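Number of protein chains: 2
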Amino acid sequence: MKNKTKMRETGCPVAYGLDTFGDRWSFLILRDMMIRDKKTYGELLEMEEEIATNVLADRLKQLEAADIISKVRDPENRRSYIYSMTAKGYDLAPILTEIMVWSGEYDQRPFALRNVPDLIKKDRKGFLAKISGG
Amino acid sequence: MKNKTKMRETGCPVAYGLDTFGDRWSFLILRDMMIRDKKTYGELLEMEEEIATNVLADRLKQLEAADIISKVRDPENRRSYIYSMTAKGYDLAPILTEIMVWSGEYDQRPFALRNVPDLIKKDRKGFLAKISGG
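Going line by line, the protein sequences match chains V and D.
With the numbering used here applied, the first sequence covers 5 to 138.
With the numbering used here applied, the second sequence covers 5 to 138.
Simulated from the structure, these hints should not be mistaken for lab results.
All figures in this text were calculated on a predicted structure; none of them were measured in a lab.
One should not assume that every hint holds.
[Unchecked claim] Chain D side only, calculated, beta carbon under 10 Å to chain V, not exhaustive: (1) Cys16; (2) Gly21; (3) Leu22; (4) Glu47; (5) Leu49; (6) Glu50; (7) Val76; (8) Pro79.
[To be verified] To be clear about the criterion: a stretch of chain D counts as covered by chain V if any three or more of its residues have a C-beta under 8 Å from a C-beta of chain V, and this derived list gives those stretches: (9) 28-35; (10) 80-93; (11) 117-131.
C-beta atoms are modelled at their ideal positions from N, C-alpha and C, and glycine is treated no differently.
One chain only, chain V, in its complex shape (with noise of 0.2 Å):
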């Protein structure tokens, strides 16, 4: 395992939260599942955001082996995968949903999407049951 990618053992949960999923680009992944539903490769691979291949393929693998994702062989197509979510991470989505309830707060940039944040304050219960695969 990579140093970057090592758990820090000092029993914190900000740094085990950090250290599983708190990565620039697992994020983002997570974002594109929970968010847009997206479930293949190809389709993850497609991020405006513009990830690496060998960086997706590199979370994925983590993703999965912290239980976050799983992930079953796709039947119409057995060369590829079917990724989802697991009850591990659905519970991801208030974190999701914190997240951009302060950026759609702060980022007063002119390009930043405000309709997920405001959607979010309209109705964040809906949200939430939305997102966590409800």
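Given the coordinates of chain V, work out where chain D should sit on it, guided by the hints.
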């Protein structure tokens, strides 16, 4: 600015949040400021996760540039600074809280600390108020 800290410009609130504070070290600095009330470079450097001095200096600069923390000269020692959270920084408290709730649920390692997650379970509102500078 180094490539790894470059802000992604897709407008997505998740990307904005991760680019602003979602670094493996930044959030631990904020944890120590919000939960442990640390205020100086020396106090922050004593982090049990063993942050390197150049990483700490770099992340403090980034957090200050993002208006998440601010600093003033220490009146008792003009060569050093007192760091404090801004309102924008304190508004990260719900994210910090949700990370701890999730990790409290899923970190099964024997040395995982449970006191703060347990505290949040008992009184989430009180905990949030406390770490939000209340």
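(message) Would the hint on D/Gly21 be counted as holding, given a Cβ-Cβ threshold of 10 Å to chain V?
(response) Holds - the Cβ of D/Gly21 comes within 10 Å of chain V, reaching about 4 Å at its closest.
(message) Using the nearest Cβ pair, does D/Val76 come within less than 10 Å of chain V?
(response) violated (22 Å)
(request) Hold the hint about D/Glu47 up to the distance rule: shortest CB distance to chain V must be less than 10 Å. (result) violated (16 Å)
(request) Under 10 Å, Cβ to Cβ, is where D/Leu49 needs to be relative to chain V, so tell me if that hint holds or is violated. (result) Check failed: Cβ of D/Leu49 comes no nearer than 15 Å to chain V, outside 10 Å.
(message) Closer than 8 Å Cβ to Cβ for three or more residues is the test here. Does the stretch 28-35 of chain D pass it with chain V?
(response) n = 4 at 8 Å, threshold three: holds.
(message) Under 10 Å is the threshold here; is the Cβ of D/Glu50 close enough to any Cβ of chain V for the hint to stand?
(response) It is violated, given that the least Cβ distance between D/Glu50 and chain V is near 12 Å, above 10 Å.
(message) Does the closest beta carbon of chain V sit nearer than 10 Å to the beta carbon of D/Leu22?
(response) holds (5 Å)
(message) Can you confirm whether chain V covers the stretch 117-131 of chain D, using C-beta to C-beta distances below 8 Å and requiring at least three such residues?
(response) holds (count 3)
(message) Just to be careful: measuring from the Cβ of D/Cys16 to every Cβ in chain V, is the smallest value less than 10 Å?
(response) holds (6 Å)
(message) Verify this for me: three or more residues of the stretch 80-93 of chain D with a beta carbon less than 8 Å from a beta carbon of chain V.
(response) As far as the stretch 80-93 of chain D goes, the hint is violated, because 1 residues have Cβ atoms under 8 Å from chain V.
(message) Please check whether D/Pro79 passes as an interface residue: C-beta within 10 Å of a C-beta belonging to chain V.
(response) violated (30 Å)
Figure legend: structure checked against the earlier numbered hints; hints not met, in rising order: 4, 5, 6, 7, 8, 10.
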